[in-house]
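S.K.: What follows is the residue order along each chain.
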Amino acid sequence: MKARRPTRRPTGLLLMGVIAVIAAAAAAMVHWMGATSQPSGRAPMTAPEQIGGKWRGRAAAPVTIEVYSDFLCTHCADFAATVEPALIAEFVDAGVARLVHRHFPVLGPGAEAAAEASECAADQQRFWPYHDALFARARRGALRSPADLEAAARDAGLEPNAFAACRQNGSGRPRVDADRSEGQRRGVEGTPTTFIGERKIVGVQPLEVFRAAVRDARPR
Amino acid sequence: MPPSATRAHARPGAAHAGRGARAWWTAAGLAAAGTGISAYLTVSAARGVPPVCVGSACAEVAASPFARLIGVPTAAWGLALYLVVGITAVTGARRHESRSTLATVLFGLAAFGAVFSAYLLWLQVAVLRAVCVWCAASDVLWALLLISALRIARSPG
Chain A
1 MKARRPTRRP TGLLLMGVIA VIAAAAAAMV HWMGATSQPS GRAPMTAPEQ IGGKWRGRAA
61 APVTIEVYSD FLCTHCADFA ATVEPALIAE FVDAGVARLV HRHFPVLGPG AEAAAEASEC
121 AADQQRFWPY HDALFARARR GALRSPADLE AAARDAGLEP NAFAACRQNG SGRPRVDADR
181 SEGQRRGVEG TPTTFIGERK IVGVQPLEVF RAAVRDARPR
Chain B
1001 MPPSATRAHA RPGAAHAGRG ARAWWTAAGL AAAGTGISAY LTVSAARGVP PVCVGSACAE
1061 VAASPFARLI GVPTAAWGLA LYLVVGITAV TGARRHESRS TLATVLFGLA AFGAVFSAYL
1121 LWLQVAVLRA VCVWCAASDV LWALLLISAL RIARSPG
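Going line by line, the protein sequences match chains A and B. Note that the numbering used here has the first sequence beginning at 1, numbered continuously upward. Note that the numbering used here has the second sequence beginning at 1001, numbered continuously upward.
If you're looking for bench data, these hints aren't it; they were derived computationally from the structure. Don't be surprised by glycine CBs; every beta carbon is placed ideally from N, CA and C. A few of these clues could be false.
[Unchecked claim] Not the full set, but computed from the structure, chain B residues with beta-carbon under 10 Å of chain A: (1) Ala1110; (2) Val1115; (3) Ser1117; (4) Leu1150.
[Stated by the list, open to error] Here are the simulated distance ranges between beta carbons: (5) B:Val1133 with A:Gly187: 20 to 28 Å; (6) A:Lys200 with B:Ala1021: 54 to 62 Å; (7) A:Ala86 with B:Tyr1040: 39 to 47 Å; (8) B:Arg1129 with A:Ser145: 35 to 43 Å; (9) B:Ala1136 with A:Glu150: 41 to 49 Å; (10) B:Arg1151 with A:Gln205: 52 to 60 Å; (11) A:Gln168 with B:Arg1154: 55 to 63 Å; (12) B:Val1133 with A:Val21: 20 to 28 Å; (13) A:Asn161 with B:Arg1094: 49 to 57 Å; (14) A:Gln205 with B:Arg1129: 22 to 30 Å; (15) B:Ile1087 with A:Asn161: 38 to 46 Å; (16) B:Gly1071 with A:Asn161: 16 to 24 Å.
[Unchecked claim] Not the full set, but computed from the structure, chain B residues with beta-carbon under 8 Å of chain A: (17) Phe1066; (18) Leu1069; (19) Ile1070; (20) Thr1104; (21) Phe1107; (22) Gly1108; (23) Ala1111; (24) Phe1112; (25) Phe1116; (26) Tyr1119; (27) Val1127; (28) Ala1153.
Chain A on its own, in the form it takes in the complex (with noise of 0.2 Å):
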């Protein structure tokens, strides 16, 4: 008689599938609750929903803006503050599109610089005050030479040390390149450019261009 061999018995795979879900579960909680829970310590944001690096806004909103901008460029400054604030707070405090900055610095080695400190505030959780406060500096002239980064962080509240250490090292270099050649592929040429859903909006356009591209690319 041809002998058997045992199968194994399916009580320890059963438990052990058991096992392995719930631990994948509690480390997708884990995950979750990171991502998107505000730090402690750091500055109030405008929306409870709001998470860190270079986003504004709800994780899951329906729309993604994003704009292409200098910190050295005057339209951009005008962008964004005029039609960015009206944005955030029509669409992106509302949960309905997050807000994304992508840098494409054209305007030289001083753009390149403002892109890169922006990022060792994004590396602090503050890369927005810190945009606010470097945009504020160029709509008055003061945003020159690399003491006036400084200043702006100052501004922006960041943590002096590691922002100059980010800086010295060059750490946010490769993300700005890296923005700048997605840029590049899409078709960007100027400052500011917006993308909304598959919209492709050029310079500081009324408000209503902008709600009537966030209108469209909302799913209906």
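The hints should help you fit chain B onto chain A, whose structure is shown.
M.R.: Same frame as chain A, but now just chain B:
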């Protein structure tokens, strides 16, 4: 001597053992592929450079807050898990006497990886709305590893 005669003198169960070892080596190969992908993504994360990708999805995913788990790049956790799965599979392929226990361990690791990978895929599709091809490839590997581990676990010991 004809080949059939050689087969006739083979040790009983050797053919089965060969098939069993192949299944373990297949799992080890899948783990090696996953190790390569996650190592590349870990190095990219450490250098702060988005991975080479079709479109902007990888940069979007890599720049998102979901790219880290407890301060460590998510890809690095994947790398560690793939390595453990690979070591388990290679040990199972080489040590016949330990296969019963190792098969259960391999199944548990693969189930954990597949479930967490499914969660990451959901994040990319439903939350980020950007699917990184490297992550998608890893998702496929975890699905194949789970199937492979299940077949090993259910095969006669």
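S.K.: Against this structure, judge whether each hint is valid.
M.R.: To see whether the hints hold, each was checked on the structure:
Hint on alanine 1110 (chain B) holds. Least Cβ distance to chain A is approximately 8 Å, under the 10 Å limit. The interface hint given for valine 1115 (chain B) is met, as the beta carbon of that residue sits about 4 Å from the closest beta carbon of chain A, less than 10 Å. Interface restraint check for serine 1117 (chain B): the shortest CB-CB distance to chain A comes to about 9 Å, inside 10 Å, so the restraint holds. The interface hint given for leucine 1150 (chain B) holds, since its Cβ lies 8 Å from the closest Cβ of chain A, which is under the 10 Å cut-off.
Against the hinted window of 20 to 28 Å, the Cβ-Cβ separation of valine 1133 (chain B) and glycine 187 (chain A) comes to about 22 Å, which satisfies the hint. Lysine 200 (chain A) and alanine 1021 (chain B) have their C-beta atoms about 56 Å apart, which keeps the hinted 54 to 62 Å range intact. For alanine 86 (chain A) and tyrosine 1040 (chain B), the Cβ-Cβ distance of about 41 Å falls inside the hinted range of 39 to 47 Å, so the restraint holds. Against the hinted window of 35 to 43 Å, the Cβ-Cβ separation of arginine 1129 (chain B) and serine 145 (chain A) comes to about 40 Å, which satisfies the hint.
Range check, alanine 1136 (chain B) to glutamate 150 (chain A): about 42 Å between beta-carbon atoms, so the 41 to 49 Å window is met. Taken as a hint, the range 52 to 60 Å holds for the pair arginine 1151 (chain B) and glutamine 205 (chain A), whose Cβ atoms sit roughly 59 Å apart. The hint said 55 to 63 Å for the Cβ distance between glutamine 168 (chain A) and arginine 1154 (chain B), and at roughly 57 Å that hint holds. For valine 1133 (chain B) and valine 21 (chain A), the Cβ-Cβ distance of about 27 Å falls inside the hinted range of 20 to 28 Å, so the restraint holds.
Against the hinted window of 49 to 57 Å, the Cβ-Cβ separation of asparagine 161 (chain A) and arginine 1094 (chain B) comes to about 52 Å, which satisfies the hint. Taken as a hint, the range 22 to 30 Å holds for the pair glutamine 205 (chain A) and arginine 1129 (chain B), whose Cβ atoms sit roughly 25 Å apart. Range check, isoleucine 1087 (chain B) to asparagine 161 (chain A): Cβ separation about 41 Å, and the 38 to 46 Å hint holds. Look at glycine 1071 (chain B) against asparagine 161 (chain A): about 20 Å separates their beta carbons, and that is inside 16 to 24 Å.
The criterion of a C-beta within 8 Å of any C-beta in chain A is met by phenylalanine 1066 (chain B), whose closest approach is roughly 5 Å, and the hint holds. A distance limit of 8 Å between C-beta atoms decides the matter here; for leucine 1069 (chain B) the minimum to chain A is near 5 Å, and the interface restraint holds. At its closest, the beta carbon of isoleucine 1070 (chain B) sits 6 Å from a beta carbon of chain A; the interface hint therefore holds under the 8 Å criterion. A least Cβ separation of about 5 Å between threonine 1104 (chain B) and chain A falls short of the 8 Å threshold, and the interface hint therefore holds.
With a least beta-carbon distance of about 6 Å to chain A, the hint placing phenylalanine 1107 (chain B) at the interface is held under the 8 Å criterion. The restraint placing glycine 1108 (chain B) at the interface with chain A holds, with a minimum CB-CB distance near 4 Å, inside the 8 Å limit. Because the beta carbon of alanine 1111 (chain B) sits about 4 Å from the nearest beta carbon in chain A, less than 8 Å, this interface hint is met. Restraint check, phenylalanine 1112 (chain B) versus chain A: the minimum CB separation of about 4 Å is within 8 Å; hint holds.
This hint holds: phenylalanine 1116 (chain B) has a C-beta 4 Å from the nearest C-beta of chain A, less than the 8 Å allowed. Given hint, tyrosine 1119 (chain B) at the interface with chain A, holds; its Cβ is 4 Å from that chain's nearest Cβ, closer than 8 Å. The interface hint given for valine 1127 (chain B) holds, since its Cβ lies 5 Å from the closest Cβ of chain A, which is under the 8 Å cut-off. Evaluation of the alanine 1153 (chain B) hint against chain A yields a held restraint, the C-beta minimum of about 5 Å falling below 8 Å.
Comparing the model with each numbered hint stated earlier shows that all of them hold.
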